[in-house]
Amino acid sequence: MWDYTEKVREHFLNPRNVGDIPDADAVGEVGSLACGDALKLYIKLDDAKERIVDAKFQTFGCASAIASSSALTEIIKGKTLDEALATTNQEIADFLGGLPEEKMHCSVMGQEALEVAIAKYRGGPVPTHHDHGHEEVEPGEIVCKCFGLTDTFLKKVIAANKLTTAEQVTHFTKAGGACGGCIPKIKELISEVLGAQPTEERKKPEKLTNLRKMQLIQETLEKEIRPLLWADGGDLELVDISGSEVQIAFRKACAGCASSGNTAKFVELKLRDLVADDIVVQEVEG
Amino acid sequence: MKEIYMDNNATTKVDEAVFEEMRPYFCDLYGNPSSMHFFGGQVQKKVDEARNRVAALLGASPEEIVFTACGTESDNAAIRSAIEVYPERRHIITTRVEHPAVLTLCRNLSKRGYRVTELNVDGEGRLDLNELRAAVDEDTAIVSVMWANNETGVVFPIEEVGKIIKEKGKGAFFHTDAVQAVGKIPIDMAASTVDMLSISGHKLHAPKGIGVLYVRKGVPFRPFMVGGHQEHNRRAGTENTAAIIALGKACELAGQWMEDENTRVKAMRDRLQTTLLELIPRARINGGQAERLPNTLSIAFEFVEGEAILMLLSEKGICASSGSACTSGSLEPSHVLRAMGVPFTCAHGSIRFSLSRFNTDEDIETIIRELPPVVRRLREMSPFGREFLNA
Ligand SMILES: Cc1ncc(COP(=O)(O)O)c(C=O)c1O
Ligand code: FES
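Read top to bottom, the protein sequences are chains A and B. Following the UniProt record's numbering, the numbering of the first sequence begins with 1 at its first residue and continues without gaps. Following the UniProt record's numbering, the numbering of the second sequence begins with 1 at its first residue and continues without gaps.
In case anyone wonders, no lab produced these hints; they're calculated from the structure. In this text, a Cβ means the ideal position worked out from N, Cα and C, and glycines have one as well.
Per the computed footprint, the stretches of chain A lying under chain B, defined by three or more beta-carbons under 8 Å from a beta-carbon of chain B, are: (1) 12-23; (2) 29-43; (3) 50-62.
As a list, the in silico DSS-like pairs of lysine-lysine whose alpha-carbon atoms are at most 27 Å apart: (4) 7(A) x 316(B); (5) 265(A) x 156(A); (6) 155(A) x 120(A); (7) 111(B) x 145(A); (8) 207(A) x 162(A); (9) 2(B) x 7(A); (10) 155(A) x 223(A); (11) 7(A) x 56(A); (12) 156(A) x 145(A); (13) 111(B) x 185(A); (14) 185(A) x 265(A); (15) 111(B) x 223(A); (16) 45(B) x 217(B); (17) 163(B) x 217(B); (18) 265(A) x 111(B); (19) 44(A) x 77(A); (20) 120(A) x 79(A); (21) 162(A) x 7(A).
Anything over 10 Å on all C-beta distances counts as not near chain B; from chain A, calculated: (22) 46; (23) 74; (24) 82; (25) 139; (26) 141; (27) 164; (28) 181; (29) 192; (30) 241; (31) 244; (32) 283.
Only chain A is shown next, with the shape it has when bound in the complex (with noise of 0.2 Å):
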């Protein structure tokens, strides 16, 4: 069973401002049947159609999307349409006292209506990744099929809420959770991401000694990175290490495929992110 928080259970069970509002100025609505949940978001603006008077949701999913649902329509009302635009998905599982890491796509999905809803109301281009048949749709390049997610939309998700796995990206947006097809590209993603960001923000390991480190990387490559070659029929031998650069050959699928250097360039962002800042990977003949 899920460990929900009580403000999750108390939301799912008495949820606020279910229903509709006919007259509403902005609609959004993300998700389909198929997916396995989706939100209709209403908003209803003051007279000088600036602030969120009223708010508004359906939503067919599990507890944790309705109860995000409510929380959404908690935090918008009465805020502006810009101050409601900041909302983060964050600030919505923050809302309910947290919510389980495989649910925190339920959070994303409510902040996106939100985004949608505003978006139909001024004009722009709608942010969506669902297929809803949208006319004009926020440019990007579709990477998860089975869901329908874009490289632009996965991009903001694994930035915004700082992933740094496959998995924590399925868990928050659902890519690569059916298939599993898209998890390679999630990965290529999740490096250029990563590869973008200011060193600084990435939490420092603490000094290490050279046995310990090496220690480390063997075990990361072991527990971290195989498991994920493993899924895609791929398979890396670590060949040696001396101070900090790791010598590593691929195996299998990852053997001679035309992206083994981003490959090998993601496990050197992993190795940087969870055992020390200065080591660079070498792909060698094995």
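Got chain A; can you put chain B with the ligands on it based on the hints?
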């Protein structure tokens, strides 16, 4: 709050009589059955009795019963044994709707170079025996086909499957995961084509953590748990004596309750099914046209999501389970419902009720009273449900 427990395919209550039977074997009769003294010997006698009782329920002989630690171990042991016995054969056949205890192992083996055929099922969860016939060949080491499905209760025609394997398989082993079938429907290994069969104690009112692998006399077996000589060298490790004795008693009781299961329990299930279909529009039974276990009802409601239903039912003390994505942490509906091609409008809204002899008519009445308003409430909240209700 008194619970109404309708999740017996997940696990069952330990029958009080079963518990009484095992109780002395912790603090008083704790001897090791392998010991040479009287103190271990008396436990050995009870373990033998348990073996006889399990064998009796299956129509097997006692030497064919190997006690294991769970259903999962039995499944793993059977498949691993077959590929050890036939190292040159590289083909395994199973179905898309197996329990992960079988499916995960097979998929792992496929990464290690095995050719794995996963047989499809139709919209009602039934096998296509022609697909099996076409798949079995001399390279096939083992066919593992479950007796009854844990999610839908759909029962496979095991003896027909066995006949095809014996005709076409050139000695391929036939294993069946009968974890959900044993104790619910009659099984007679004396008249069966099955070579190996898995049982799990906690599905038939024995404790968790005890299982059986039936291995037919004459079928070669290579244990994957090695060490001591227990279970005639087929499963090393000191016996879980109390749990074995409990399982023996549970099997004896299952034999006695078999008729009740197939009459009274089945009638309760059928009444629940018929009434829910009457009271709730746009509901469908998963596997409703197929032969099913007497205790299982998998029912799908369009426009709502299963976890939300379960949580609202749980507020009323009703314990059921779902084949929906959200309960498992995965994002897709269960692999069983997907294999059946359950329409996406309701795949996310499937609920499973699984009964046992401990359920009563009152339990059924309570569900019939509580469930329809729950579904209606969630539909009113759901954008798709509202469209439907307004139409
Ligand atoms: C069909 C089936 N096979 C195997 C198992 C696993 O049994 P156990 O929990 O004893 O490992 C289960 C139960 O979860 C099951 O339903
Ligand atoms: S393409 Fe992303 S899960 Fe299938």
